[in-house]
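Position 136 of the sequence shown, counting from 1, maps to 136 under this note's numbering, and the rest follow consecutively.
In case anyone wonders, no lab produced these hints; they're calculated from the structure. Note that the Cβ used here is the ideal one computed from N, Cα and C, for glycine as well. Among these hints, one or two may not hold up.
Calculated pairs, DSS-like style, for lysine-lysine (alpha carbon to alpha carbon, straight line, at most 25 Å) [as the list claims (entries may be wrong)]:
| no. | residue 1 | residue 2 |
| --- | --- | --- |
| 1 | K191 | K223 |
| 2 | K216 | K237 |
| 3 | K231 | K250 |
| 4 | K181 | K139 |
| 5 | K237 | K303 |
| 6 | K181 | K231 |
Restraint-style ranges between C-beta atoms, simulated for each label pair [claimed, not checked]:
| no. | residue 1 | residue 2 | range |
| --- | --- | --- | --- |
| 7 | E261 | S230 | 22 to 32 Å |
| 8 | S78 | E277 | 26 to 36 Å |
| 9 | A170 | G131 | 38 to 48 Å |
| 10 | V134 | I192 | 31 to 41 Å |
| 11 | F82 | G271 | 39 to 49 Å |
| 12 | N228 | N13 | 18 to 28 Å |
| 13 | E214 | H135 | 20 to 30 Å |
| 14 | K195 | K56 | 10 to 20 Å |
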Amino acid sequence: METRQAAMITSLNDLHELFEDGHLKNQQILVLGEGSNILFTDHFEGIVLLNQMRGKKVIRETEQHIILQVSGGEFWSSLVDFTVENSWYGLENLSLIPGTVGAAPVQNIGAYGIELKDVMKSLEAFELATGRVVHFDNKACEFAYRNSIFKQQHKGKYFILNVTFQLNKAPNFHLEYGPLKEAFANVDPSKIDLKQVSELIKTIRRSKLPEPEELKNAGSFFKNPVVNISKLELLRKQFTDMPVYKLSDKKFKLAAGWLVEQCGWKGKRIGDAGVYEKQSLVLVNFGNASGKEMLALAISIQKSVKKKFGIDLDMEVNVV
């Protein structure tokens, strides 16, 4: 990626200085953490704000909970390890997810039955147009599946300074996800260890997803589509073995990876752009594929899924 300018933000004061000096006016602004969920297809003609704010602090403690405030530039995976080491429950199912804490609410990251919205209490953000610091409680973020107000109507308008989590002091495991349920099926619930759960989730992730240092990728490229009961019934008539996850009496989640695989994309490679051989939800760059080539592959996949299943497959990755 090439850009006209970039700024490393290590404190709120850095943002105030940029705002007061006029650097945030009349140009595009891109807030970036680790960039793990971004696909660049062209040069970015604007200013990139790199969130490098660090720090963690317990701001309140009760008999049942720890209220932990974490700066937006902290690495997400390191935060989860920190909470596990301190025996604070709530983030363990989100182990090994790449990215930063500030990016997590934008995407409403989730895995293995837990989403950010389930553990986040509030956040503070710098409004780029006004220079104000704005407080958002959980409800104000309008969280949805891999979505939030920061990805929709407030996209590009805020720099997330910190996120506050409400964590449990006592075990409150969520082990309904298949491999987790199977692993702990015959284990006394009182004997299940927090670190054991976290390490198992890391093992599962490593078995399905390539390490970015070894094979370039942006993690899960597509969202799992949600359909209504009438659409589901039509699909089941033709695809009886289709995996389905019930969200409510009217909404059902389908496995995007399964849909992509059924269209013959698993392990397929076009130049240096390809679909990971172990998980069809992951697009990988084998060397020198450009952003435009990766996007072209993604669009081809979307078209084939639409043709075979009549389903619009939305990208989870943000295209710039």
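Okay, the hints, checked on the actual structure:
At roughly 35 Å between alpha-carbon atoms, K191 and K223 are farther apart than 25 Å, so this suggested pair is violated. Between K216 and K237, the direct Cα distance comes to roughly 38 Å. Violation of the 25 Å bound is thereby established for this hinted pair. With a CA separation close to 10 Å, the supplied pair K231 and K250 stays within the 25 Å bound. For the given pair, K181 sits about 30 Å from K139 by alpha-carbon distance, which is inconsistent with the 25 Å threshold.
Simply put, K237 and K303 have alpha-carbon atoms about 22 Å apart, close enough for the 25 Å limit, and the pair holds. Between K181 and K231 the alpha-carbon distance is near 29 Å, which puts this suggested pair outside the 25 Å criterion. Checked against the hint of 22 to 32 Å, the C-beta distance between E261 and S230 comes to roughly 25 Å, which is consistent with it. Separation of S78 from E277 is about 29 Å and conforms to the stated range, judged on CB atoms against 26 to 36 Å.
In this structure the hint that A170 and G131 lie 38 to 48 Å apart at CB holds, the actual value being about 42 Å. At about 39 Å, the beta-carbon gap between V134 and I192 stays in the expected band of 31 to 41 Å. Taking 39 to 49 Å as the suggested C-beta distance range, the pair F82 and G271 conforms, at roughly 41 Å. At roughly 49 Å, the beta carbons of N228 and N13 sit outside the given window of 18 to 28 Å.
In this structure the supplied range 20 to 30 Å is violated for E214 paired with H135, their Cβ-Cβ distance being about 40 Å. Checked against the given bound of 10 to 20 Å, the beta carbons of K195 and K56, roughly 19 Å apart, stay inside it.
In summary, the structure is inconsistent with hints 1, 2, 4, 6, 12, 13 from the numbered list given earlier, while agreeing with the others.
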